[in-house]
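A.B. asks: Each chain, letter by letter, is given below.
Number of protein chains: 4
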Amino acid sequence: MKLSKSDITRHNDSLFKNHKKKYDFLKVEIENLDEITNQIAAYNVAVPSWALGAGGTRFGRFGFGGEPSNLFEKLSDIGIIHALTKSAGAISLHIPWDIPENPGEIKKHAEQLGILFDAMNSNTFQDQENQKYSYKYGSLCHVDKDVRQQAVQHNKEVIDYGKALGSKSLTVWLADGSNFPGQLNFRRALNNTLESLREIYAYLPDDWKMFIEYKPYEPNFYSMVIQDWGTSHFLASKLGKKAFTLVDLGHHLPNTNIEQIVATLMMDGMLGGFHFNDSKYGDDDLTVGAIKPYQLFLIFNELVYGMKNNPANNPVPAWMIDASHNVKDPLEDIIQSINAIETAYAKALLVDQEALQEAQMRNDVVHCQNILQNAFNTDVQPILAQARVLNNASINPIATFRDFDIRKKLIDERGVETTATGL
Amino acid sequence: MKLSKSDITRHNDSLFKNHKKKYDFLKVEIENLDEITNQIAAYNVAVPSWALGAGGTRFGRFGFGGEPSNLFEKLSDIGIIHALTKSAGAISLHIPWDIPENPGEIKKHAEQLGILFDAMNSNTFQDQENQKYSYKYGSLCHVDKDVRQQAVQHNKEVIDYGKALGSKSLTVWLADGSNFPGQLNFRRALNNTLESLREIYAYLPDDWKMFIEYKPYEPNFYSMVIQDWGTSHFLASKLGKKAFTLVDLGHHLPNTNIEQIVATLMMDGMLGGFHFNDSKYGDDDLTVGAIKPYQLFLIFNELVYGMKNNPANNPVPAWMIDASHNVKDPLEDIIQSINAIETAYAKALLVDQEALQEAQMRNDVVHCQNILQNAFNTDVQPILAQARVLNNASINPIATFRDFDIRKKLIDERGVETTATGL
Amino acid sequence: MKLSKSDITRHNDSLFKNHKKKYDFLKVEIENLDEITNQIAAYNVAVPSWALGAGGTRFGRFGFGGEPSNLFEKLSDIGIIHALTKSAGAISLHIPWDIPENPGEIKKHAEQLGILFDAMNSNTFQDQENQKYSYKYGSLCHVDKDVRQQAVQHNKEVIDYGKALGSKSLTVWLADGSNFPGQLNFRRALNNTLESLREIYAYLPDDWKMFIEYKPYEPNFYSMVIQDWGTSHFLASKLGKKAFTLVDLGHHLPNTNIEQIVATLMMDGMLGGFHFNDSKYGDDDLTVGAIKPYQLFLIFNELVYGMKNNPANNPVPAWMIDASHNVKDPLEDIIQSINAIETAYAKALLVDQEALQEAQMRNDVVHCQNILQNAFNTDVQPILAQARVLNNASINPIATFRDFDIRKKLIDERGVETTATGL
Amino acid sequence: MKLSKSDITRHNDSLFKNHKKKYDFLKVEIENLDEITNQIAAYNVAVPSWALGAGGTRFGRFGFGGEPSNLFEKLSDIGIIHALTKSAGAISLHIPWDIPENPGEIKKHAEQLGILFDAMNSNTFQDQENQKYSYKYGSLCHVDKDVRQQAVQHNKEVIDYGKALGSKSLTVWLADGSNFPGQLNFRRALNNTLESLREIYAYLPDDWKMFIEYKPYEPNFYSMVIQDWGTSHFLASKLGKKAFTLVDLGHHLPNTNIEQIVATLMMDGMLGGFHFNDSKYGDDDLTVGAIKPYQLFLIFNELVYGMKNNPANNPVPAWMIDASHNVKDPLEDIIQSINAIETAYAKALLVDQEALQEAQMRNDVVHCQNILQNAFNTDVQPILAQARVLNNASINPIATFRDFDIRKKLIDERGVETTATGL
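Here the protein sequences come in this chain order: A, B, C and D. 285 is the number of the first residue of the first sequence in my numbering; add one for each residue after it. 285 is the number of the first residue of the second sequence in my numbering; add one for each residue after it. 285 is the number of the first residue of the third sequence in my numbering; add one for each residue after it. 285 is the number of the first residue of the fourth sequence in my numbering; add one for each residue after it.
Derived by calculation from the structure, the hints in this document are not laboratory data. Keep in mind the model is a prediction, meaning the values are calculated, not measured. One or more of the hints may lead you astray.
Copies of the same chain are indistinguishable here, so a pair counts whether it falls within one copy or spans any two.
Here are the simulated lysine-lysine pairs, DSS-like style, with alpha carbons at most 27 Å apart [unchecked claim]: (1) 692 to 416; (2) 692 to 420; (3) 289 to 522; (4) 440 to 493; (5) 525 to 493; (6) 522 to 493; (7) 493 to 392; (8) 416 to 693; (9) 304 to 447; (10) 429 to 592; (11) 493 to 391.
Please take these sequences and the hints and turn them into a complete structure.
C.D. replies: In structure tokens, the structure reads:
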């Protein structure tokens, strides 16, 4: 199943006139509209290899027909999304769920689809068949050196896979932690983790980056070794210049001001990666922007500001969608996520930064709020559509996806009962 | 200080052309636009008498010049907001902060400004000078019958004041609760409260309503006698048909799904009142829509649906803004709140309810989300402006407020050091 | 694997002297000690059939050797716990995980172990093989009547199984809800649920009870149809006298005052069941008392008070442990849970209710707190041990479990790779 | 009003025999009991000068008779608590609420009462009369350099007052932050704060320490400049070796694992100060141990471990009680807090660290939990009483306080209407 450019442009024909009218109207209002459109057009976010199937919870899993059953098919799925949006030009691989048995072939397939290999993800939170030691009681933090070594070795292998594919970064997310007070010695666990990370870091090629993810709880429900950005920052600082903090929107305690964390990390040049999703309660992994679109906008406001005001040389963060899909078609879900990300991004680009600074210097709080809300209230869908038009992508990707009966075709190709690896 | 209609329409002149262009463009898109505009134009929300001055926290209070120092001046302030927006045509009085010493004069002043008297609010959470018994350990729930009687008597007096002014409802918010486990017997406290409410209810005129507010914590930090909607509903059900639950947006535990509570209460015909504000952490009393505008939209979506689908005969809820103003000009803050309320309302009116029902029946979750987000993404500011144009109010109320130097005039009239009663 | 009474009493011999000394010392302090001990000795809590194996999270599952692979073996496991504690004399069955193929045999086995059949649990949150309709989009609340009927029918079957075994109650926990705003019409979902429950209720034998569980989130992450006690109470009130609310300690938003909910429900005669576990973040399903033992004590304080002061005739709640076991031996974990429950219960029995009432009437908050803390600070382990001595159970159940190498014996019998049904 | 040693020992006479019996019984159980008792006897916690009067909330304040109206009387109040407990031998001054007009006299009075001067506290969250610039929009973070300089200058003066009295540390708690998105530029605010702190730090004597407090919200309800330990650690690291993080138990988001933060900071040698209180919802400032005594125990477990295992040379933290007293006699409240702190401390000292380490190395989670719970379940009140006996303090301080009618005497001396400075 592959979407051709001509399929898409043909579908656009019927939508173009109405779109053009809206875009032109907006252009009268917004002086630098084309510039903003170009920035949106240039934006890409990675799709993780485990997000192409239906997810689930500990209470159950409800499959979706036509799920990709190997890495090749997963790339094809991302290829569809990318063809429709031209914003999904990267994949983030999860090892061992998606070991590239034949890297050359995989790389070629990706190339044809216009997809790059973004950050590699290791997995030491599940036991694999034939694995010598269990991660039941932790991996990089484990009290037993042999277990730690196994986990370090796994991360090195993930780097090797990445090198073969052209990736340039490793994301380390650890489920390590404890369920009960007393189970872990907090300090020993953190020290062991630091030592293990040092070994992995030493193995990291010079032009690679390491992203250290944090999370306050789940799957451990009393403590997580890397519970917050402070701990991630602490570890990254000890490791060296290639190590950075990674922010996942769902990995925070209730009411956390995430945009302020983003600002602080960028000020310090330490924001390396960003995982998008949305949530109401915890790590709910819902479609980006589905619950708190204003918070997402505020975060993008900091990201835009941070990239423009960057004395600490913060790298461009590695963007990735990290949602799960329980009640939606995974591909449609990812398209909605991409749309939400670009919506927030476009609105952030609309913020009149100069006027904002000026109002802040006067403590004109009412005006500061108005400036942000004016940008947020603007309907930027025409901008996103125009960016896609520029890229020969679909004006309305979900409509195109449905009009072409893509899910049906995938089911016809692959069957109903397939299951993608992942959670 | 009074704003004349001609002042406002004069100020509108310079803004009208640009506004008209936007409104007309929207009209092409939205078939029933004028109908929606009319609904917005008809909307009014009450301003409480304690919201016209600068508020504060337990850590400090920072005043604002020109605060109204009596009820007459407070009405004048609301008159200014109402002239600018034609959406603030009601006041909610708080006794004893704003006892109408001369009801006739007050009523006349209000009438001239086009302001009605909405729900009356009693206060049994502070001790007043010369008060016989203290509310330190509660009021309607107190272990001592004499204290309860004093609090009941106060509520009756509040009803009397309301009758003199033409109000038709009483809002009972209780700070009653406990700071420490063991301090209160939960059941005795709830029973005492029910008995006290019964006495007040018996005194309520037949055409009045009683609104019972709930709150999980603050100012008591272990328990509140009416901690949630379930408890309020329980009490209201025991009292009778004139008793309803009142929802204050800030009175919920972290992550509460408030829109679902609204839907349930309306289904049961039990939603009597609604207090607007916004918050990130607790009862932060911030400007409406400043933090979670999408949640506000979802709530309005339920309110709109509930008023249209109303087999249980839920009354039109009594709307009130209940925010405090620490770093903004109170009048500008209220204008921002009104704007946020009407923004959410207008977007909720834009929801294609028929398509939504249909998508829900098919479990087309992607489409359900799109329908809501399409409405939310629409820039409805032209609708709000047009509604104000229809009412001879200001196209841009804050700009008008500033252009006319209203705060400066209020300070000139009243001085810098005045302090409005309230928190 | 079965523990004989003589095994246990033999093991007690070495511990008895030291235990006796402590108990006697306590007896000097506490006048009515034996009475309290007898109440503890009479206490039993149900173990659910799905709690005998290692649980897991959506991120992974780490098995435990010797897990029971059928209902017969599960009963045997509970039999071991019951022999050691004489406090686990009931099982709560989960259908279809533990369908009693041969009820007579199962009943006999249970009888021999001294185990009763407590509340039956239906499961409409997972799809079973060969099931006609999917519960992906809900069960009792589903938009499609056929799906609702299937779920109703399942609940009726569960009642039938229960009748065959001597159970007298049905617990309905619904995962029904939505992941995204717009997915569900809240009111239709609640109405459908009410109607479905009505059918099940009509099928309920006259001497049965129905327990309606509530939960704010998970596995749905935007809304749950029965999100809080208020909604459960609302439904139960509509159903009739056999319907009650069930409280699960882990099913609350952050910081909820659960003990107050318990008090309110008992005051209204509506507390039907109680699920024990502990948590720090959400529905963490940790060992009872592992995180917040003082909260558990405060809850028991209400339960004890409620049973003694019971004008509304609240039934004795159906007690059940509802924890999962990821890093502990499930049997040891349940023993720790039982110990925590009885610890809280014993401490609650120690509260000087008379003095507490008297201090409350004087608003002597300092003394109220002291009374509760004095009870809580008392080391009640000798009381629990003595209760077990009276019942010919083990003075130190975990020590006995380990000394007899029970887990090893279970593995020898059943193997390492067995997996118990459940989450 | 001063309590003499003989008053107290006389009162002890009637309680001693029963106390002795309990302590001796415990001694049989616990080998190193006297050693633990000595550690408790040596423990002291500072009382802040603003905690001797009744506090309040933004909703109201309910006074307590006999409040101290100046620093001299405040010292006397702490003297009473110290005489009763011999654990309150330090005061923490808050400037400008308690400026020592005559340092020599104040110092002498304190000396006679056995009270040292602990950390000094600056106040830039309230405006004082005759203050040139307002802190309405921040202090050390303010956009206006003049305001920042005023706040820096104030901190220098606080250091000067401290030098005159023999204090050796400065605690900086900032209310700085914002109520609305856009109000503050996060990075400018943090940079300004860092610069301001650098000036204060430069003024700090060589043998002083600076403690940087963090808080997620209140009195600002969108952002706080120093929102978490990560930000405090970041600032302290930039300042130098005299700068440390200060942990206040109430300054965390819901469900934060505070004990892990404590462990991490001590591992890094960065835990400088500790403010005790308890809370259920936010910064509730309740009596220590009133809500979550097990969490307090777990924190003390880390503190005890951290002081014994201290390669990073973490200083002994400056301990302070930071609670407010709305419904209790402030002096009784502080006594309850001291008791709760020492209870947690004694229980932490009872933890069998060796066995715990050994069980952790085996991942015997059940046993790890048992070790902690065995310590926690022990009734340590006899240890605390014995520690007071050794110090000639009261066996039962609150009973002594009441038997001597101390509050009544204070009211007789000072009157009913006095008001202590503070919140």
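A.B. asks: Going through the earlier hints one by one, which of them does the structure break, listed in rising order?
C.D. replies: Of the numbered hints, 3, 9 do not hold.
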